[in-house]
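S.K.: Chain residues, written in single-letter form:
Protein chains: 2
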Amino acid sequence: MFVLSFTHGCVRYVRNYLVAAVLATAVLAISATAWADPLPSWRDGEVKSRLIAFVEAVSDPTSGRFVAPSERVAVFDNDGTLWAEQPVYFQLFFAADQLKAMAENDPSILTSDALKAAAAGDLKAALAGGEEALLEIVTVSHSNTTVSAFIEAAREWLATARHPETDMAFSDMVYQPMLELLRYLRDEGFDTYIVSGGGVHFMRAFTDKVYGIPPEQVIGSMVETSYGTVDGQPAIVKEPAIAFINDKGGKPVAIDRVIGRRPLLAVGNSDGDFAMLEWTTAGSGPRLAAIVHHTDAEREWAYDRDSHVGRLDRGLSEAGERGWLLIDMANDWLTVYPASAP
Amino acid sequence: MFVLSFTHGCVRYVRNYLVAAVLATAVLAISATAWADPLPSWRDGEVKSRLIAFVEAVSDPTSGRFVAPSERVAVFDNDGTLWAEQPVYFQLFFAADQLKAMAENDPSILTSDALKAAAAGDLKAALAGGEEALLEIVTVSHSNTTVSAFIEAAREWLATARHPETDMAFSDMVYQPMLELLRYLRDEGFDTYIVSGGGVHFMRAFTDKVYGIPPEQVIGSMVETSYGTVDGQPAIVKEPAIAFINDKGGKPVAIDRVIGRRPLLAVGNSDGDFAMLEWTTAGSGPRLAAIVHHTDAEREWAYDRDSHVGRLDRGLSEAGERGWLLIDMANDWLTVYPASAP
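Sequence lines, in order, name chains U and B.
For the first sequence, the numbering used here gives the first residue as 1, with consecutive numbering after it.
For the second sequence, the numbering used here gives the first residue as 1001, with consecutive numbering after it.
Bound-form chain U, shown alone:
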């Protein structure tokens, strides 16, 4: 009888303890979900609300707009969307430094005015020749090397190079609000891909560390590569010819080739992203597109319709009628770079 009553008392004691523990855990979990702001660097307003409402709708099984996790694909442009891009795409600073180093060994590689100007560090003159000059600079500076040596060189460069105007490391010029959005999407079951005109191997040098985006989720422009032998070892070698330009209509094409699913969410900043946003939002079911509008001359740069780099004209005109979010950097972002986050 004593044993029985002891046991009963103890079972009740255990049960009460367990109930209290489970309740406390549940309350803590609910509090964390309801009260933690997933996007603290975004100012409260329509842009932030619509981003969060979209993510909540597709990830909530009871919402009526639920989408299976395997289909939760978000695509982001890189230059001007995840990090800055002025006065020129950051990769071109690397290309110019590579050309300079290569020309010290062999000046005969500088076969054009564009290459000579780039190796001399005058990118403005080097890019006067437009896209053709840009492709020549990238092709020559990014070839005749193995992929692994190239990525190593890009990592070393990123560790020391500084932006000519801000004197910041380039990988510190990423956007804190976008780091939060990437993490929030992944927390809600999304795969977050980069789909950028930048070079795929250049980006892979830093995207995992800086954005948490692994190499298999980085889609970019490419020079031709070949399989061969270097120093007696099998190697992938970068060749001096363009294989794919991941811009404009090339972006949906590359998304189809590599991912094979239509994204739910696409974020870009220039008319080079227009086709990607159009392709995304033309899908059935819940889809969302957003454009980073560079309106912040104080903390970053202000440019759109007339810019040589990151020109945004058609996207700015049509975003409203298409229901695409226009992210007003000056107004919607409390912080731009992580270093200035509170």
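One should not assume that every hint holds.
To be verified - A few chain B residues that face chain U, going by a derived Cβ cut-off under 7 Å, partial list only:
hint : residue
1    : R1204
2    : T1225
3    : Y1227
4    : V1258
5    : I1259
6    : G1320
Unchecked claim - Facing chain B, according to a computed beta carbon distance under 7 Å, are these residues of chain U, among others:
hint : residue
7    : R204
8    : V230
9    : P234
10   : V258
11   : R261
12   : W279
No lab work stands behind these hints, which were simulated from the structure alone.
Please read all numbers here as calculations on a predicted model, not as lab measurements.
Beta carbons: idealized from backbone N, C-alpha and C, even for Gly.
Assemble chain B onto chain U, guided by the hints.
M.R.: Showing chain B alone in chain U's frame:
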């Protein structure tokens, strides 16, 4: 004092109960791990042991050969490795049926003897022209359609078409031992990619359902695609030109482009896979390559050095010295197709 001793007694009771419960759970978990055979269709022997030992070593944090989950990439050829490939690659039966249907609408598309023979169902005559004829057949039959319509057509075809010799559905001619290996690898944290000479869109019509391999983990050959408008809607259109042939040295090139990591494990069956296996095993740390050797004329087909389809010559000669596994289908596989699994 009573309360204290009550509480002490109860704590001990709870502790003992919890210890017993934890022990029981642990014993059950260990039993399941130790006694469930992850590869029941593989005959016990060196091939099976080495496969399991490799997977256990790279996924066991205490093994000294542990590899982080993000780097656990396995790549598989498809034709002759995951499903059969005789008397010709199965995709060619689809191409021939597509050509026949297309020619009923417009006979003028049959501009060569190879195309005419294929549309007439005589694949032997159609392929007398070798790789050039094969590429022509694929290019013409797989273009001037949207990607989504093409995948839908491939799905409809797979649902009804039958193999001319076995009278089986093509997607029933997958290898049960490979289905088990794919699942085992994924259970141990691997990403399992297909890296095949087959067309990427044709494979995506069935790989998710049949192998559990999602579209973003399917790498194949491709015709050119373009972004345009079809029936007023944005669409990806397949063009009549080859964009990439994912065979031989193209396989490591495509792995680098799409995955950006060197695989830990590569499985193929023909010399078209040699470069992929070589590239994989040339990496540092634990790597493994395996070749399916078609030795089973009774249950499947027996062929190697002299075969037109799936020729295996160099791989057969060098597998031993390179430490690559040779999977002897007749001996190492208890079951070939799922329908005959016990």
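S.K.: If a hint holds in the structure, say so; if it doesn't, say that too.
M.R.: Hints, verified against the model:
no. : hint  : verdict
1   : R1204 : 5 Å, holds
2   : T1225 : 5 Å, holds
3   : Y1227 : 3 Å, holds
4   : V1258 : 6 Å, holds
5   : I1259 : 5 Å, holds
6   : G1320 : 19 Å, violated
7   : R204  : 5 Å, holds
8   : V230  : 11 Å, violated
9   : P234  : 5 Å, holds
10  : V258  : 6 Å, holds
11  : R261  : 6 Å, holds
12  : W279  : 5 Å, holds
In the structure shown, a violation is registered for the earlier hints numbered 6, 8, in ascending order.
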